Amino acid sequence: MENLFSNTLDGYLFLASLLFAIGVLGILIRRNIIIIFMCVELMLSAVNLLLTAFSVHHNDPNGQVFVFFIMAVAAAEITIGLAILVMIYRNTGSVSIDSLKKLKW
Amino acid sequence: MNLLLLTILIPFVGGLVLLLLKGEAAKWISLAFSLLTLGAAVGMYQFFELNEQVQFVSNTVWMEALGLNFYFGADGISLVLVLLTTLLTPLIVLSAFGRNYSGVFLGLILLMESALVGVFTARDAFLFYVFWELALIPIYFICLYWGGENRGRITFKFFLYTLVGSLIMLMGVIYLYLQTEAQFGMASFAWEDISRLKLSTLEQSWLFWSFFAAFAIKMPVFPLHTWQPDTYTNAPAQGTMLLSGIMLKMGIYGVIRWMIPVLPEAMVEWAMLAVVLSVVGIVYASVIAIQQKEYKRLIAYSSIAHVGLIAAGIFTHSVHGIQGAMIQMLSHGVCAVGMFFVIDIIMQRTNTQQLESLGGIRNQAPVLTIFAVIVMLGSVSLPLTSGFVGEFILFVSVFEFNPYLAAVAGLTIILGAVYMLNSFQKSMLGEPRPEFASFKDLNWSEFAVLAVVSLLILYIGVYPKTFMELSEPSVKLMLGKYSGFTLN
Amino acid sequence: MEQIIFIILSVLAVVGALAVIFSSNAVYSVLFLVLTFFAIAGHFILLNAQFLAIVNIIVYAGAIMVLFLFVIMLLNLNKDSEAPTPALARIAGAIAAGLLMVTIVGAFKGLSQGSDVALRGGEIGTVSRLGQVLFSDFLLPFEISSVLFLSAMIGAVMLGKKNLKDS
Amino acid sequence: MLNLVFLIPLLPLIGFVLLGVFGSKLPKFVSGAIACTTVLVSFLITLTLLGGVLSGSIVSETITYFDWINTDGIYLPMSFLIDPLSVWMMTIITGVGFLIHLYSAGYMSHDEGFARYFTFLNLFVFSMLMLVMGSNFVVMFAGWEGVGFCSYMLIGFWFKNTNYNNAAKKAFIMNRVGDLGFLIGMLLIFVKVGSLEYATVFGQAPLVFESGTTDIVVITLCLFVGAMGKSAQIPLYTWLPDAMAGPTPVSALIHAATMVTAGIYMIVRSNVLYTLAPFTQDFIMIIGLCTALFAATIGLVQNDIKKVLAYSTVSQLGYMFFALGLGAYTTGLFHVTTHAFFKALLFLGSGSVIHAMSGEQDIRSMGGLRKKLPITFLTFLIGTIAIAGIPPFAGFFSKDEILAYAYQRSPILWALGILGALMTTFYMFRMFFLTFFGEFRGTEHQRSHLHESPLIMTLPLMILSILSIAGGFLGVPHVLGGHNWFGHYLSGVAPVKELALDHSTEILLMSISVALVLVVIIIAYVIYVSKKQVPVSEGSTLTTPHRVLYNKYYIDELYDALFSKTLRWKSEWFYKLLEKGGIDSLVNGIGKGVQWSGKTLRMAQTGNISTYLFLMVLGIILLLIITGLLV
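Which chain is which? The protein sequence lines are A, B, C and D, in order. Counting along the first sequence from 1, when you hit position 86 you're at 102 in this note's numbering, and nothing is skipped either side. Counting along the second sequence from 1, when you hit position 116 you're at 284 in this note's numbering, and nothing is skipped either side. Counting along the third sequence from 1, when you hit position 84 you're at 218 in this note's numbering, and nothing is skipped either side. Counting along the fourth sequence from 1, when you hit position 391 you're at 1069 in this note's numbering, and nothing is skipped either side.
These are calculated hints, taken from the structure and not from any lab test. None of these values were measured; they are calculated from a predicted model. For each residue, glycine too, the CB sits at the ideal point set by N, CA and C. There's no promise every hint is true.
Derived SDA-like pairs (lysine to any residue); straight-line CA-CA distance at most 25 Å [unchecked claim]:
hint	chain 1	residue 1	chain 2	residue 2
1	B	Lys461	D	Glu1117
2	D	Lys1050	D	Glu1117
3	B	Lys633	D	Pro755
Counterexamples of contact, computed for chain B against chain D with all Cβ distances above 10 Å [what the hints assert, rightly or not]:
hint	residue
4	Leu177
5	Val210
6	Tyr213
7	Phe216
8	Ala358
9	Ile582
Covered stretches of chain C, going by a simulated chain A footprint (3 or more residues, C-beta under 8 Å) [claimed, not checked]:
hint	stretch
10	148 to 162
11	166 to 172
12	192 to 205
13	226 to 238
14	256 to 263
15	268 to 275
Isolated chain A (complex conformation):
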């Protein structure tokens, strides 16, 4: 049990899962697109942390390289995402995801 609260692999697993779940919770309960974006980032970070932990556990640098790429992609993604967000705000005057209900046939 105490493994969960120490810097063992189990500890990182637990921490990362917790952060990830918080991110998911944020996505589910918030309506503000910006906050949702931030929650996505949070989830990515949780995954990054886990990848690094496994990388260290297996003594393999590839995991950390992967984290690096995730960060790069996340940066690009956020750029585009925020640009879209600006467009949405201009068109709807709101950043609530409930303003986007056209996503159906």
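Using the hints, position chains B, C and D against chain A.
For chains B, C and D alone, coordinates are given in the frame of chain A:
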């Protein structure tokens, strides 16, 4: 160059050329192309040696990794159907002469011919499937753009119906393909490999129904026929001729080529059910035809009845049945083209196909009537016309299978006479109607089509040997009954 | 010692994360997220992944979060303009998130990857070591990611530009 | 001699093709000449064959021309069998056929469809020849159906009249009912014997079938169903009276002399099979006798000159089957021969009358024609006497032979046979007296047009009346000093049945029948000539039995209700309920079901992103749980 490939390529090229052409010249060009194709097919007939061997073989690798080949070849069965296709296409093209059809229409007919010849000569199961679906495309457009009212809905139904069947067949084909890999260590679609597969009875039964779905819909066999009357009635005359004259033979050919040799045990096991369905279809369609008010729909139902007998014959799994089917396919093709053309001529001049508002045409158009009578005789299978030979042999086969079924199927002799004579009387005979006073007799192109059709009907009726000796060795091979050669 | 640091950093990260999703002002959310990222960077250092720790602070906490702030300022969203989420949806969300966590943890446990050996990163997390890997095995993806950035840049410009007709 | 055989059917066929293609452009004279010449030449060739048969140089020759159908055991060559039976039938067909062609050239001379008429008449002769010449059942069947088709075209010759067209259609369809029986019979023979060649079938039959087994009985019954249709026996007889819609020479040729006797020919041809099936023989005998009596009763009250003849034909055909049923095949064929002569004569005579009366067929409007139409009167009288069976006219010998065989079987059968004969005598003389004696009862217009027919029409009448007088001498029985030449002629094909009556009985039977016939003639004379009684006109009330007879026992109405209406009703029902309401709506239902489920499931797409996200998370959870469970 291989004559068989020419027979496929000439109409294909012609079809593509015609898609771009407009005006009167298109008709002559399409006629020329179809006659060239006929020439190539007659050439095949000339060089064909009377045995069970597959001839004019052409095998080119298509996708090596998948074991796909452009593998064509004609045995007697294929040749008979190629001859039928190439004989009827010029007639169909010629029948469009007096009508206002664009080059696209004629081009689609030629593309259709190419695909049909492909279906009849493909020796590779996948290639067969490709041509099978390819043939659907031109006829879809022909029905969709040149059909009658409601054509959208009806063509859609027709398209979906046949597509469902062929997809089920595709599953069967893929299963066979995987089996070749499992059994021979090398995946192959070639007929020679597929037909020597050893399949358990249960496997065969599943495959039987998967193929049956596609072929029975195409023919059509009761109760999978309901797309057919609507489609025949709504399609333009040339489309109907293609559909009933040639296209439904794809289904029958499919049974002969891909079911009988591949699934011999299932063919025996399910023979009773299939024959009963066919026979029920004969009587059912015949009875329905009697009270039809539209001429084309009546003939559509009669077509179901005729095909029902052919289907009953092939599912008896006997040489007689298949040989009868071969000759009856020819006969039905020729008669259907004649019959639908006669109706088209009448519709063209009277603007109606309601039997009630027709009548007295014989007085105005004696020549048309003579041809209509000959075609009708072919349809009611009077001896010495084409219909009798096939029907007689088919009756023999069904009788050998089960006398009671044959007796029921025999009702078509009576019912066929009832509806054909009824419709003939209602349309042609009786007091001349004043509104048809300007009804013109045949022009030269119509005369040419019907004259050829009539001569073919009589020729096949008197001397069917020409065609029967072509297919007999191959038919025996399909049934594994050829003495000098065994499968595998 | 390491365990204590781990716990402190973990608490910081979790509290920051919770604050991100529960604060009503978006600007606060951003700031709390920065806090979380710093805590995660601390974890990276604890795992001796120095390079990632630096990148995390520079790229995430620095660049990206500033971008977020810019957008919030630009659109003048610092006031809470968000419609309140129904209580039912909140509860359902909480349950779903909790379930997710339980299943994820359960799944990892099921894989029995865990061990009680404390993780101490060796040399693999150093800049030189990662640089070697990145520029040998992952050279092509690295270069391709530059194309990704270029396209993201152009995309952002295109999207952010007001329609010429409107102006 | 035999190398010309193929010309016999080919010539009429050539005539058919020539007339069919060029007929409308040729002058009537040329069309008529082509038609008559081809049949005449065929007749002459047939006569040489007959000579060959009589001289004994031809016994039984099969001539094969080409393979018609040949596949895996089904071997049906296009081949002809030349033996006494087929030659005899060919002689009748071409001979009587030629006379009727000749007569038609005069009778139809004013009709616009002259060439068309001869086209089909030639085709008929061709088909009929195929029927009798074929050396296997299928060639016979080809001719069998061919004559049916020609009969269809000729009954509906005046195609503008819907009633005529209906009559034609009825004839064809009823024939087809019989044909189905014939076809099944053939198939059964093929399956049991493995061949349809006469030589093989009749050679094998006694070995394959035991006498009276189910197989042979079913085969013979099926074939007999075919004969019922073609030869108008109960229950398939109603088409023949309606078939009188065609031109009168057609009725003479097709519906009296030749086509309707095809059934008798077929049974005589397959006598080997029938002899093996005593049950079928009895069945045929009963059907034949019933038909003979039944049709005769209807004939008693008919007023249409052709209808009377039609019912008399049905009745006479019944006699022939009666004979066949008794096993007296040669006698049946003998009656076919004499009947061909006198019935053709009577029909042509009635044609001459109708011609003179400008198309009038009702005997109530005739009368007193003997002075205006002397030749017709005389020849008609000969025909009437011949059918009544007064010696030495043709009918006497053949009918008497049948009655003798009947007596040998049972006196009751004999009595019933006599009853039929008496009724025949009565209605024939009734018609004869009403037509030729008494006062003229037609319109003035008709009276002014009365004329004797031209020579081209009377010549065949005269020839046929000679044959009707002399034809009976072909088969003079032993008791009258002859030696039944006809029976011996056919003995190679069908055995002559023993007649074991002693001579005095035979003489007695003959005398009784002749005496009764004479009495009946006198009765008819008294009623229709002395008392000048004329059948009541249309619309007046009739006594119940009279009305039933006049309406032909309402059989037509019964069939209409039983078959035609049911079939139409079934057709409607199948189409509306089964086809549209059942199968098609099922098919469309599947399509509609897919559309409906699409429309319904589409609702799940709310477009609300938070819902999507929520569902996505749930999905992920589910997936993880499932993987967890699987691992």
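Status of the hints after comparison with the structure:
As the CA atoms of lysine 461 of chain B and glutamate 1117 of chain D are separated by approximately 52 Å, the hinted pair breaks the 25 Å bound. Note on lysine 1050 of chain D and glutamate 1117 of chain D: the hinted pairing holds, with a Cα-Cα distance of about 12 Å set against a maximum of 25 Å. For the given pair, lysine 633 of chain B sits about 11 Å from proline 755 of chain D by alpha-carbon distance, which is consistent with the 25 Å threshold. Distance check on leucine 177 of chain B: its Cβ is at least 33 Å (rounded) from any Cβ of chain D, clearing the 10 Å threshold; non-interface status holds.
Listed as outside the interface, valine 210 of chain B is consistent with that label: its C-beta sits roughly 22 Å from the nearest C-beta of chain D, beyond the 10 Å cut-off. Here tyrosine 213 of chain B stays apart from chain D, with its beta-carbon at least about 19 Å from theirs, past the 10 Å limit. Non-interface status of phenylalanine 216 of chain B relative to chain D is upheld: no Cβ of that chain comes within 10 Å, the nearest being about 18 Å off. Listed as a non-interface residue, alanine 358 of chain B keeps its Cβ farther than 10 Å from every Cβ of chain D; the least gap is roughly 28 Å.
Look at isoleucine 582 of chain B: its CB is around 5 Å from the nearest CB on chain D, not clear of 10 Å, so calling it non-interface is violated. Only residues whose C-beta sits within less than 8 Å of a C-beta in chain A count toward coverage, and the stretch 148 to 162 of chain C has 6 of them, enough to reach three; the restraint holds. Residues of the stretch 166 to 172 of chain C with a Cβ under 8 Å from some Cβ of chain A number 3, which satisfies the need for three, so the listed coverage holds. By the rule of at least three residues with a Cβ nearer than 8 Å to a Cβ of chain A, the coverage given for the stretch 192 to 205 of chain C holds, with 7 such residues.
With 9 residues carrying a beta carbon less than 8 Å from a beta carbon of chain A, the stretch 226 to 238 of chain C meets the three-residue requirement, and the given coverage holds. Under the rule that three or more residues need a Cβ within less than 8 Å of chain A, the assignment of the stretch 256 to 263 of chain C holds, with 4 such residues. For the stretch 268 to 275 of chain C, the proposed coverage by chain A is satisfied: 4 residues have a C-beta within less than 8 Å of a C-beta in that chain, meeting the threshold of three.
Hints 1 and 9 from the list above are not met by this structure, while the remaining hints are.
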